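Residue-level listing of the chains:
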Amino acid sequence: MADSTHPANDLDIVGVTKRFGGHAAVDDVTFGVAPGEFFSILGPSGCGKTTLMRMIAGFEHPTSGDIRIRGQSMIGVPANRRPVNMVFQSLALFPMMSVGENVAYGLVCRGMPREDAQARAERMLERVGLKGFGGRRVTALSGGQRQRVAIARCLVLEPTLVLLDEPLGALDLKLREHMKIELKQLQSTFNTTFVYITHDQSEALVMSDRIAVMNQGQFEQVGSPRELYHSPATPFVASFVGETNRLQGEIVSSSDGTVALQLPSGTVTRGTGRAPQKAAVAFVRPESIALAPSQPALRDLPNRFEGRVSAVLFDGANSSLLIDTLGFDQPVRAVLPQAGPLAGIEVGAPIHVGWAADAMKVFSA
Amino acid sequence: MMTRQASRLTLFLLLAPAILWLGLLIVLPHVEILVLSFSERVAPRVYAFGLGNYLEFFTEPLYWRTFARTAFMSILVTALTLVLAFPIALYIARVAQGRVKAILLLLCLLPFWVSELVRTLGWMMLLRETGVVSYALRAVGLADQPVELLYNDGAVILGLVYGGLLFMIVPLANALESLEPAVVEAGFDLGGSRWTVLRRIVIPHAMPGIVAGSIIVFMLTVGNFATPVLLGGKNGLWFTEQIYAQFITRFNWPQGAAFGMLLLLLSSAIVWLGLRLTGQSLGSTLKQA
Numbered sequence: 001m002a003d004s005t006h007p008a009n010d011l012d013i014v015g016v017t018k019r020f021g022g023h024a025a026v027d028d029v030t031f032g033v034a035p036g037e038f039f040s041i042l043g044p045s046g047c048g049k050t051t052l053m054r055m056i057a058g059f060e061h062p063t064s065g066d067i068r069i070r071g072q073s074m075i076g077v078p079a080n081r082r083p084v085n086m087v088f089q090s091l092a093l094f095p096m097m098s099v100g101e102n103v104a105y106g107l108v109c110r111g112m113p114r115e116d117a118q119a120r121a122e123r124m125l126e127r128v129g130l131k132g133f134g135g136r137r138v139t140a141l142s143g144g145q146r147q148r149v150a151i152a153r154c155l156v157l158e159p160t161l162v163l164l165d166e167p168l169g170a171l172d173l174k175l176r177e178h179m180k181i182e183l184k185q186l187q188s189t190f191n192t193t194f195v196y197i198t199h200d201q202s203e204a205l206v207m208s209d210r211i212a213v214m215n216q217g218q219f220e221q222v223g224s225p226r227e228l229y230h231s232p233a234t235p236f237v238a239s240f241v242g243e244t245n246r247l248q249g250e251i252v253s254s255s256d257g258t259v260a261l262q263l264p265s266g267t268v269t270r271g272t273g274r275a276p277q278k279a280a281v282a283f284v285r286p287e288s289i290a291l292a293p294s295q296p297a298l299r300d301l302p303n304r305f306e307g308r309v310s311a312v313l314f315d316g317a318n319s320s321l322l323i324d325t326l327g328f329d330q331p332v333r334a335v336l337p338q339a340g341p342l343a344g345i346e347v348g349a350p351i352h353v354g355w356a357a358d359a360m361k362v363f364s365a
Numbered sequence: 001m002m003t004r005q006a007s008r009l010t011l012f013l014l015l016a017p018a019i020l021w022l023g024l025l026i027v028l029p030h031v032e033i034l035v036l037s038f039s040e041r042v043a044p045r046v047y048a049f050g051l052g053n054y055l056e057f058f059t060e061p062l063y064w065r066t067f068a069r070t071a072f073m074s075i076l077v078t079a080l081t082l083v084l085a086f087p088i089a090l091y092i093a094r095v096a097q098g099r100v101k102a103i104l105l106l107l108c109l110l111p112f113w114v115s116e117l118v119r120t121l122g123w124m125m126l127l128r129e130t131g132v133v134s135y136a137l138r139a140v141g142l143a144d145q146p147v148e149l150l151y152n153d154g155a156v157i158l159g160l161v162y163g164g165l166l167f168m169i170v171p172l173a174n175a176l177e178s179l180e181p182a183v184v185e186a187g188f189d190l191g192g193s194r195w196t197v198l199r200r201i202v203i204p205h206a207m208p209g210i211v212a213g214s215i216i217v218f219m220l221t222v223g224n225f226a227t228p229v230l231l232g233g234k235n236g237l238w239f240t241e242q243i244y245a246q247f248i249t250r251f252n253w254p255q256g257a258a259f260g261m262l263l264l265l266l267s268s269a270i271v272w273l274g275l276r277l278t279g280q281s282l283g284s285t286l287k288q289a
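Those protein sequences? They're chains D and G, same order as listed.
Take 1 as the starting number for the first sequence in our numbering and just add one per residue.
Take 1 as the starting number for the second sequence in our numbering and just add one per residue.
The hints are all genuine.
Have a look at the derived ranges for each label pair, beta carbon to beta carbon:
1. D:A170 to G:L277: 32 to 40 Å
2. D:Q216 to G:R99: 27 to 35 Å
3. D:G135 to G:I19: 42 to 50 Å
4. D:I181 to G:W272: 48 to 56 Å
5. D:G169 to G:I19: 48 to 56 Å
Rather than coming from a laboratory, the hints here were simulated on the basis of the structure.
Predicted model only: the values in this text are computed from it and were never measured.
Backbone N, C-alpha and C define an ideal beta-carbon position, used for all residues, glycine too.
Let the hints inform the model, and build the full structure from the sequences given.
So, in structure tokens, the structure goes:
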């Protein structure tokens, strides 16, 4: 957040608030997006991310605060005069126009002669891998092709900023995985600044240079995908980004960043973090949990517990175990390596779990 | 085998009322009128096959001029109705929400709870020399003597547009309602002005509704009788008056039948032309209506 309102930024959001009645949908949000950056806003539905995006596009007006694009305030500038183009959730292609006309639309709006606009549109379609599709009906395209038309329609205008509002939501899983990579590649070849909105943490983690995690109208944390994943700043970020085990208890002792957390059952676990209050929550990633058939193998770990497999969740490389562990009221989730000796483990088998202190992040509850 | 026969019988029985309706009330009378229109009176109570009734139409200027006038005025009325109805439909479909929307549609429907005749008489009360508008104009000093606003083309057009408005608004509002809000926003987002968005996105999307509403209003207008007669008086000169005169005043049924067929031909031709010009098919248009 240190680089916000930097003059070299493509987008600066300065203390923007949007109230609907008494409810603040966006509450004093400040951030900056550098040129060429792929910036994501990640949050659950209703967190205000769509309102924020609609304010950047010019469809909503902030109650207070400023929106600057390349240093230029956008307050009072209508949507059709902003150097910002949006890829809508529904894509919102113009069904009454051909693919070529869809892409040429913005150029014609700028007063470019129709033939020149068509030629530019044709070249843009070629660049997104839709050569010769100009004459087709929009309805005759597949989901992925429609996606590319929606992006080409924006990129042909060479905007300062492209806004994307969960454009992958309507696609099936396989295509979505494919489009994630394609979007990222498109963004780097065109070197355009992307602001991407999603509730899907995997989309945000895979594509973004930086992510802002948004909750109840405010930014919880802004950082690179790795930062968010490995050092979440708030309990919300820890639980929203990636899979995690959540423990609740009281801090019994703390020294030098290492804290001992006592669970309601009396079991004591050791983690890292600063928690000024007694009541605390802690998070452990399933992949940080070591599994072993016997206690001695986990000898070096401060947290060692004994349990029994309650469920095997087989999902190829993402397989995991749910383990009923002594002293824990929820089963502990741990990644099950499919290449290891435990690959064939069955429900009911006894097992030992353990994790390092710095794998467990403790926050004030 | 039995079940197939039974289902066929069921289908037939279900369709029977519709077939009877179409056959007895629409097809049969039109066949009768067609046959009648080709019969010429050669002597009292003696008729022979011939094209005389149609020739009469082309040789008597009053007839074909009234015919052409009816066609032109109807197209004008349809166009005016469209221009007036479009913003109303746009508001109902895209701005009004919930109760307001229902109330607005009800307001459009309300005049139709009164018979067409009474509605037209209402206009007469407003527009006649001793009527409300004339009185108001004198009261505010815009006129120094009573103004006759009835019995001219303006009054006829006013009455016909008023009668057609609802039938234009409903299909238009239906068509506009199905336009996704994001598509309109995308139109603005990519740099379109209000006019560009209207011309390139909203109107093309509403085209089936525009054509459906126009066909309905045009047909209602061409075939209207009471409004041109009452508001236009002697200057009304609507083709339906000629048909009425032949059938009822002159008791010349074959001539009236020929005029009836010509009017049917006229409205079919103009509807066909309208569909061709706008590139719409009858099927998609009917769906919208």
